[in-house]
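Residue strings, one per chain:
Protein chains: 2
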Amino acid sequence: MAKLSTQSYKGARDFYPEDKRLQNYIFNTWKKVCEQYGYEEYTAPVLEPIELYTSKTSDEIVNEQTYSFTDRGGRTVVMRPEMTPSVSRMVAARRQELAYPIRWYSIPDCWRYERPQRGRNRQFWQLNVDIFGIGTVDADLEIISLANAIMKQFGATDEMFQIKVNSRKLINLIMSQYLELDANQAKQMVRLFDKKDKLKPEDFAEQAKVIFKDDQQKSGLEKLRILLNAQSLADLPEILRDSQAVKEVQVLFTLLGEHEVTAATFDITLMRGFDYYTDIVFEVFDLDPENNRSMFGGGRYDGLVGAFGVDPIATVGFGMGDAPIENFLESHNLLPKLQSTTDLYAITIGDTLKEAQDIVRQLRLAGVNVAIDLTDRKPDKQIKAALKMGVPNLLFIGEEELKHQKFIVRNVESQKEDTLSVEEIAKNVSTT
Amino acid sequence: MAKLSTQSYKGARDFYPEDKRLQNYIFNTWKKVCEQYGYEEYTAPVLEPIELYTSKTSDEIVNEQTYSFTDRGGRTVVMRPEMTPSVSRMVAARRQELAYPIRWYSIPDCWRYERPQRGRNRQFWQLNVDIFGIGTVDADLEIISLANAIMKQFGATDEMFQIKVNSRKLINLIMSQYLELDANQAKQMVRLFDKKDKLKPEDFAEQAKVIFKDDQQKSGLEKLRILLNAQSLADLPEILRDSQAVKEVQVLFTLLGEHEVTAATFDITLMRGFDYYTDIVFEVFDLDPENNRSMFGGGRYDGLVGAFGVDPIATVGFGMGDAPIENFLESHNLLPKLQSTTDLYAITIGDTLKEAQDIVRQLRLAGVNVAIDLTDRKPDKQIKAALKMGVPNLLFIGEEELKHQKFIVRNVESQKEDTLSVEEIAKNVSTT
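Protein sequence lines, in the order shown, are assigned to chains A and B. Going by the numbering used here, 700 is the number at position 307 of the first sequence; the sequence numbering is gapless. Going by the numbering used here, 532 is the number at position 139 of the second sequence; the sequence numbering is gapless.
Because the hints were derived from the structure by calculation, they are not lab data. One thing to keep in mind: the hints can contain errors.
Intra- or inter-copy, both count: the list cannot distinguish identical chains.
[What the hints assert, rightly or not] Listed below are the simulated DSSO-like cross-link pairs for lysine-lysine, each with C-alpha atoms no more than 30 Å apart in a straight line:
#1 K425 - K545
#2 K424 - K413
#3 K820 - K774
#4 K820 - K545
#5 K796 - K820
None of the values given here were measured: they were computed from a predicted structure.
Start from the sequences and build out the full structure, keeping to the hints where you can.
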């Protein structure tokens, strides 16, 4: 047999137990906050028909980044690049039977064929949170509050992150009414706004200039200058300030203030890649100057369920990837010390395996997670293995201990030792 | 936009919250028992290079059932049909650094292109449990005990399931020494043994007959008769009874008895589809006469890690799919009543949403999972939605309640109502 490679598929990670502990910490934090807000878990298959993504997900993703292939039955399928089309499909399938508002979350793995780099893998996990059936700002408030609560649950403070909020309705108004652009120009301008943070001001102006028609250029650039100087809703030009769109954003910010979402700030340049957003959009940014970038975001997309031939349903949601949050936790020193799920490692001294197995069995029945060393090696080698595995407590089982039914338990971190009965171990260790 | 189908990919299920609750119950039971035994969670990407499966997984799976395709970089990849090759790869990659014995578990989704039917989907989840580095029977004992403990944790009793145990070493001995078959004959006979339960005795004999060479037939069939009548190790023909293989199985059964794994029984006809098993194999059967079949199994496969060009490592493990256990729990009435993870559904009476939001926020901070109805509809409609979602408690928030800061909480099942402060709700509801 030829020697096989031990590498994982390019851009996809193996999760050894120490990696999985961290992933589980992130997943469990996500779950905890979502469930606090009354969201329930769902999931869908990683394979979906390609039609689900065509003209809904961004063109770049569908044409260049999908994992698509033909199955043995001739169906063209895709490994999902995102979850939103799947959840819309599920809601559409049971539109009549479901109770509203629907509050759902999921932590699917998604696949995109991109160049792997820090914070971006081909396989990634993404928390998806959505509320269906609420057309009022209360849903936007809840979703942004939930995103904020997740950041707080991870230990983040307002100095570490910012939630930029904008409105697609307002953007449309700016493009058509304020800048007086046609559909094609508007599309280019939105794209330019989207990459504004990556451009020097002079390059931005240069690129903006050519989007305008000749007779628009002068006034257009001046309008842009005024617009981009707006630090808050109050700074917007009057024609926008009096619009319904701005009033709705204003209401949202008042509510966010009441709900103590103090990291939220208005940003007129915030776009969002996906085409399906229809109103409020938001994006959460890392404020670390060395890593200042968008971590995740979402918004309202009222049209997607309707694409399945049923009446549309008001929807607000967001997606939050595992890699960006892992980087954030690392760079802000928010990673907790994670231990093995095994509470106790049983070390046999001398020929005690048979009796030790019995002690271990009693401990498990009492709810303690116990591994037992099954090798015949010297105790110090057994200890070394336990330490490498990150097990927090060691249990020593020798003949003397068995005679008295009292065993030494050593806490690895404090090096404190106690001599305890099986009952006492069960009581002590499961609470450490 | 053309109307899109709302169906999930054929043979793969959508998990709506009520389905996901059951899946989570199964996953959490698996996790709990594995962690009690000191096993730690890991995972690997669902995509693997096709070479990983060639000549290790069964030919049927690789040639006819894999989801394989070429990625945008020209690599031929497979959506894993099973986890064992991946975990062997991961162990081989860090063979030197890892601490032994390695005890790992994972709950990956796997994909096989088969005809979907009850208990068999194209996408399925499979608990994988493996111990690496122990060549003695203690590892077989531990893995079989763990499988037994999972069944017990699900509420199963010995009348409901049976653990059939056999030995590949013993099978090899039977084929070569006892039945005196050559390699090719042996392969056919193993396949025939494997499907014995599905054949009438006369058909089995007929098919066995043609495997023997003409001059072997009479004595061969007689030997087969003796062999298949063996109800226990003691009934085996003497030439087998004195072998090392049988002695090892005997030791295992003595230990299983001491560890109260009373569902274990010897079965000389138990094979196991995969080619990589090298010694003890076992399979867990549903004893329900209407559903009497193999649910899951495993065994020792000492050679797989070595296929990656490193020294081999003794390994014992098993895989347990979600669908067979779900069917088992259903048919034996072992499914628990599963509720929503949302503890409380807040129902607003009159124009109280703003104040209600504040109460809900306090409850969440106190650790209660609360959903709030954001519609303006009548309370009875709100109640109906909460019941449909399976939320166990209702919280009523009207103007009178807000004035006194005392709220009615109704338990849906008992219909009992209490009038409580926010603090009291937090104390009462999170313990129900």
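Structure-based check of each hint:
1. Taking the shortest alpha-carbon separations for K425 and K545, both the intra-copy value of 12 Å and the inter-copy value of 28 Å come in at or below 30 Å.
2. For the identical chains of this complex, K424 and K413 are neighbours both inside a copy (16 Å) and across copies (13 Å), given an alpha-carbon limit of 30 Å.
3. Taking the closest pair of Cα atoms, K820 and K774 come within 30 Å of each other only inside a single copy of the chain (28 Å); across copies the shortest separation is 47 Å, beyond that limit.
4. Taking the shortest alpha-carbon separations for K820 and K545, only the inter-copy value of 23 Å comes in at or below 30 Å, while the best intra-copy value is 32 Å.
5. For a Cα distance limit of 30 Å, the shortest separation of K796 from K820 inside one copy, 21 Å, qualifies, whereas the shortest one across copies, 45 Å, does not.
In the structure shown, no violation is registered for any of the earlier numbered hints.
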